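Asker: Chains as they are written, first to last, in our numbering: chain E, 36 to 316; chain V, 199 to 368.
If you're looking for bench data, these hints aren't it; they were derived computationally from the structure. Keep in mind that this is a model prediction, so the values were computed, not measured. Each residue gets a CB set at the ideal place from its N, CA and C atoms; glycine is no exception. Among the clues, some could well be false.
Sample of chain V residues at the chain E side, in silico, Cβ under 10 Å [what the hints assert, rightly or not]:
hint: 1; residue: GLY260
hint: 2; residue: PRO272
hint: 3; residue: GLY289
Far from chain V by the CB rule (all over 10 Å, computed), these chain E residues [as the list claims (entries may be wrong)]:
hint: 4; residue: GLU43
hint: 5; residue: PRO218
hint: 6; residue: ASN255
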Amino acid sequence: MREIKTEEIIKAVKNLCIEANYSTTTDLKDRIKKAFEEEQSDIGKEVLSVIIKNQEMAKKEKMPVCQDTGIAVVFAEIGQDLHITGGIFSEAVNEGVRQGYTEGYLRKSVISDPVFKRLNTNDNTPAIIHTDIVPGNKLSLTVMPKGSGAENMSEVRMLRASDGLKEIKNFVLEKVRGSGGRPCPPIIVGVGVGGNLERCAILSKKALLRETGKPNKDPNWAQLEKELLKDINRLGIGPMGLGGTITALSVHIMIEPCHIASLPVAVNIQCHANRHKTIIL
Amino acid sequence: MLSELKAGDKVFISGTIYAMRDEAHKRFLYMMIKNEKLPFNVRGQIIYYTGPTPEPEGRVIGSAGPTSSYRLDPYTPQLIEKGLKATIGKGQRDRAVIESMKKHKAVYLVAVGGAAVVLTSAIKKSTVIAFEELGHEAVRILEVENFPCIVANDIYGNDIFVRGIEQWRR
């Protein structure tokens with residue numbers, strides 16, 4: 036059986052935290068450049084040009100794209116023929132986050148108790164770790180620094196099974212309209228449909244990892260993504276909410292089977308700085 | 199000078215501004231209730247809502263873009279009543295803040311969210327002046343040069359968030 040040492044995991048997570056915060060993925064950069072061409076309002080164009088300049092400066096100067104370097108969301112796909120040695124997996128991931136956020140001069144934004152003792156843990160741990168056991172002997176690690184500005188605009192709603200497509204659309208549009216300029220538009224909208232309460236939330240987050248603007252493989256859902264994007268961009272919110280024709284860059288839906296009596300839907304709003312990086316060990 | 203600003207105008211700020219966010223605002227309010235002296239006199243000043251990343255060696259400040267202003271809405275009218283003239287953040291404000299700005303002739307400016315590195319290049323000096331234990335939430339005095347903003351709410355009650363949607367909704 037293939038073995039992997041926790042030291043390797045620590046190092047990988049550390050580097051992913053830093054790189055994800057300093058650089059912007061090519062697909063996102065391309066999409067924002069296209070948005071700049073498409074945007075019709077002058078103020079919207081101005082905002083998009085600043086965003087493009089910021090992406091370039093962050094990369095060049097090795098600085099975080101945004102000061103909210105997020106809580107570290109880690110997606111791990113662990114091959115079942117892989118043996119992790121030298122320590123506990125989750126501790127290794129957290130050590131990687133600790134080192135990455137410290138050595139990369141990233142902001143530590145995690146508090147130990149959400150209400151009573153709002154004390155900063157001072158190293159941005161614990162990370163939020165999602166693990167899946169998959170076939171094979173490899174380890175895939177994705178770090179997604181998730182800021183709160185957009186995350187706070189997100190919601191899970193248990194629709195009635197009979198509500199169908201129309202209410203899914205209404206829910207997504209209601210969330211985007213209500214958040215206006217707060218989540219730093221142009222946004223990416225992750226939608227999870229199906230599963231149950233917690234599964235649809237995770238789906239909506241995983242949907243944000245898809246290549247920006249790449250349509251759903253299922254033509255029905257691809258059509259819904261297209262329609263939602265069109266409707267969202269007719270709301271007029273525009274870049275930073277200052278008015279314009281580009282409010283969202285793309286809508287990504289992920290689905291799963293669900294109970295006959297349920298229609299769980301999660302909307303995870305993501306700002307234009309959709310940061311994530313993956314490595315396969 | 200504030201009377202010349204109109205919603206939608208692009209402005210560049212040079213001079214002294216103060217950086218603070220959630221926890222510092224909460225403390226300011228407690229101090230005001232207890233009639234204690236605030237760390238700085240807000241009269242005529244500008245507050246920038248930001249919590250920067252730690253500064254690497256050789257830099258005056260880390261990435262320092264705006265945070266969402268709505269979280270500071272519950273504290274803002276009280277500071278405007280004490281003479282605060284401008285706030286800088288991102289996203290729309292609530293009714294109470296907008297009314298207070300109209301009444302006391304203050305403005306709200308928006309900086310581009312998620313453009314922290316561009317904005318940081320306009321910050322020339324940064325000094326923590328209060329609540330150092332709060333880390334990135336401490337109160338800072340910043341010297342800025344041509345710090346770029348857009349006027350979102352002017353003293354006449356114009357609101358770019360409302361106007362923008364009215365103009366571009368299809």
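Asker: Please go over all the hints and tell whether each is borne out by the structure.
Answerer: Each hint tested on the structure:
Interface hint status for V:GLY260: upheld, as the beta-carbon distance to the closest one in chain E is roughly 6 Å, under 10 Å. Of the supplied interface hints, the one on V:PRO272 is violated, with its beta-carbon coming no nearer than about 15 Å to a beta-carbon of chain E, more than 10 Å. Given the 10 Å rule on beta carbons, the hint for V:GLY289 holds: about 4 Å separates it from the nearest Cβ of chain E. With a minimum CB-CB distance of about 26 Å to chain V, E:GLU43 clears the 10 Å threshold, and the non-interface call stands.
Once the 10 Å rule is applied to beta carbons, E:PRO218 is inconsistent with being away from chain V; the minimum gap is 8 Å. Listed as outside the interface, E:ASN255 is consistent with that label: its C-beta sits roughly 25 Å from the nearest C-beta of chain V, beyond the 10 Å cut-off.
In this structure, the earlier hints numbered 2 and 5 are contradicted, and the remaining ones agree with it.
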